[in-house]
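**Q** Sequence:
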Amino acid sequence: MSDLFSPYEDRSIKDKKLNTKYQKKVVGIFVDQKDDNKPTLNRSVSDKKILALPIVLGLIFTILIGRLLFLQVVHGEEYREMSEGNRIRIQTVKAPRGIVYDRNNKSLVKNIPNFQIKITPMDLPPERADREKIYHRLAIITGISLDEIESKFEELDKKPLDAQTLFEDLPLEQAMLLQIESSELPGVSLQINARREYLTDPSFSHILGYIGKINEEEYANNRGGDYLLDDNMGKSGIELSYEDLLRGRNGKKRIEVDSRGKEKEIIASMDPIPGDDLIISIDKDMQDKTTEILKNIVDERNAPSATAIAIDPDTGEILTLANWPTYNNNSFAQGIAQDEYQALLDDEGKPLFNHAVSGEYPPGSTFKPVVAAAALEEGVVDEHTTVNSTGGIEINQWWFPDWKEGGHGQTDIRKALAQSVNTYFYLAGGGEFNAETNQINGGLGVDRIKTYAKQFGLAQKTGIDLPGEATGFMPTRDWKEKIKGEMWYIGDTYHLSIGQGDLLVTPLQVAAYTAAIANGGTYYQPHLVKEIHDMETGEIIKIHAEIMYEGAVSRQNIDIVRQGMRDAVSYGSAKGLQSLPVSSGAKTGTAQIGGTDETHSWFIVFAPYDDPEIALAVLVEKGGEGTEAALPAARDILNYYFANN
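Numbering (numbering that gives the first Met the number 0), first residue to last: 0 to 644.
Errors might be hidden in some of the hints.
Unchecked claim - Pairs of lysine-lysine, DSS-like flavour, derived with a Cα cap of 27 Å: (1) Lys251 to Lys212; (2) Lys574 to Lys294; (3) Lys234 to Lys212.
Everything labelled a hint here was simulated from the structure, so no lab data went into it.
Work the whole structure out from these sequences, hints included.
**A** Structure follows, in structure tokens:
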């Protein structure tokens, strides 16, 4: 043991000035004097502490390794991007939105320059005093109040690398000044994007729709669609239906920036692909004229609204689709004022509502051609079946009247259509009569009426390429028992057979089945877009007619219905069309509004009779009888069409 400590023993303290007592204290640090005065080793650290040391070191090492993994693996990409983002940025180059043209290649929209103030949060000065200098300078450049600028800064999303729009639609002079001064405004840049401008009068608003800023829900639902926080997207009309084609594909630009976030050099780039152009089937001039005619009839009749839809019977192409009142889609594209928006909401005519495809109404007597076709096809009646109209039908205590007091006398199916004889359709739909077997008896019944109505496109969407289409409604026995808690009566079938009761249709559905009757029984899907111009490949994609139903009713029976509609113009309820330059077949409709004495005014027509090229449906809400409002409007529309085609 003395060898272990020999270095200390041999190295005795030579300094004579140190006394022996201190010398003992120094040695006592290492030795312990036993009773036998022999020195022994004294451990200054306990065994437990020595054993714990590797464990503590291991824990510290594990924590350090874990933290490194967290920073480099879990969040490595994020931190690398933030670090690289100080120098290298990926910028989006927005694609020009596709243009929409009418059938004669007239532009209906255009993209105009939109000067925007963009802010990149990462590049803003960290000190508030420095940021306030930027606020003041922007206020001087733009003329916008300092409070509004500060408020807009506070609203910005805090994603550091995303350039976000602070203000847009800057006048050219302000944009040029900002471009000059932006080099001294870190985090601030001028960007030129496109703003949508609609070149039409409000007549196209329900067709084209409008674009607007993407909201939080839309952004969340479209993250896979390469949308940015401040992007625009289609909100209604064709802009919404064809959003994926119209918006194109954005490009990318990889740039190097300086310490202020200003572009120094383009490292790589990928050009944007413009959105596809669309050619629609509507003639702009006719659409404008139709809207003008509807406005005039609404004013004349003091009606809340009116709508008109014309279809090419051989293709399903929409020739006109107009509503009045309507709205200015440019107001929405530019950001509508609250008072203007509230005025639209308060308008009785619901100008924001697309009545043509979303409105649901009882069709009145415009439904009778469908019932006539079904009754002929099912053999309930034939072209020679005649009933005596004496003013109505009485069943128990219920009276089901004709519109003409005293009735219409002996009536076959052609006369029933020409003069809109209710009695004939009560019997064809609900049954009875006999008169020593000129027959009818059971009638079609609700189930067969429903079957044929669906073959003519009712109680379902037509599939038109516009959003918000309604399905209409076809009542049934089960529905009435379940919803109203009542059984189905023969009176319900009578009402259904003349287009009243709980039956609801859209004006578009009525126009579509009128087109099917016009062409001999083929139901084409209505559509607006007739060509798509692919801007990436240069290909022109033509939209061909799509047949939805055909053969449900024979051509022979359809021709009998058409003859009845021709007779309506020759001597019946539609003789107001005799002044047209071409022959036509038509049907009036007066639909009672449930619980009131008011009626919707309907009219359907196709022309020329022998080779139809247009089928038209007109509805004037609360317009009175079909001959009073809808017929004159239809006549004016057709006169314009044939004068210009």
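**Q** It remains to establish, for every hint, whether it holds in the given structure.
**A** Right, here's what the structure says about each hint:
1. Lys251 to Lys212: holds, 21 Å
2. Lys574 to Lys294: Given pair Lys574, Lys294 holds - Cα atoms ~24 Å apart, limit 27 Å.
3. Lys234 to Lys212: holds, 9 Å
Of the numbered hints listed earlier, not one is contradicted by the structure.
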